[in-house]
Amino acid sequence: MNKKQMMMTLAIVAAIGIFVPDLAHAGLETSLMGIKTKLTGVILPLLSVIGIAIAGTSFFTGNPNAKQHIAYAIIGCIIGFGAQGIVDFIAQTVR
Numbered sequence: 000m001n002k003k004q005m006m007m008t009l010a011i012v013a014a015i016g017i018f019v020p021d022l023a024h025a026g027l028e029t030s031l032m033g034i035k036t037k038l039t040g041v042i043l044p045l046l047s048v049i050g051i052a053i054a055g056t057s058f059f060t061g062n063p064n065a066k067q068h069i070a071y072a073i074i075g076c077i078i079g080f081g082a083q084g085i086v087d088f089i090a091q092t093v094r
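Oh and the sequence shown: position 50 is 49 in numbering that gives the first Met the number 0, straight run, nothing missing.
Treat the hints with caution; some may be incorrect.
With beta-carbon atoms standing in for the labels, derived distance ranges [claimed, not checked]:
1) Phe80 <-> Gln4: 50 to 58 Å
2) Tyr71 <-> Ile11: 49 to 57 Å
3) Lys66 <-> Thr92: 31 to 39 Å
I should point out that these hints are in silico values taken from the structure, not numbers from a laboratory.
Heads up, the beta-carbon is just placed ideally off N, CA and C, and yes, glycines get one too.
Please put together the full structure from these sequences, using the hints given.
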């Protein structure tokens with residue numbers, strides 16, 4: 000493909016993107032909202048529960064760092080279960 004053909008192809012793609020904005024955006028915002036919902040609604044709470052389970056196992060097995068593990072697990076739960084509220088607060092602050 001020579002330079003003239005490449006420029007023509009680029010111009011056609013740009014024109015399609017300008018005149019057909021639905022194709023240009025391709026549902027990016029919807030995809031990002033889906034990812035945010037999965038992260039804050041499923042993955043972070045699941046990781047929080049797994050962290051509590053590991054910290055509890057550490058405590059019951061007599062690990063000397065068990066108190067530190069439990070503290071980290073509680074902080075993780077606060078972040079994991081409060082993630083949606085944290086994200087909403089930051090979004091409102093930015094706007």
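Supplied distance hint 50 to 58 Å, evaluated on CB atoms of Phe80 and Gln4
Given a distance of about 56 Å, which is inside 50 to 58 Å, the answer is holds.
Looking only at beta-carbon atoms, does the pair Tyr71, Ile11 fall within the given range of 49 to 57 Å?
Cβ of Tyr71 to Cβ of Ile11: about 55 Å, so the range 49 to 57 Å holds.
That 31 to 39 Å hint for Lys66 and Thr92 (C-beta), does it hold up?
holds, 34 Å
No hint from the list above goes unmet by this structure.
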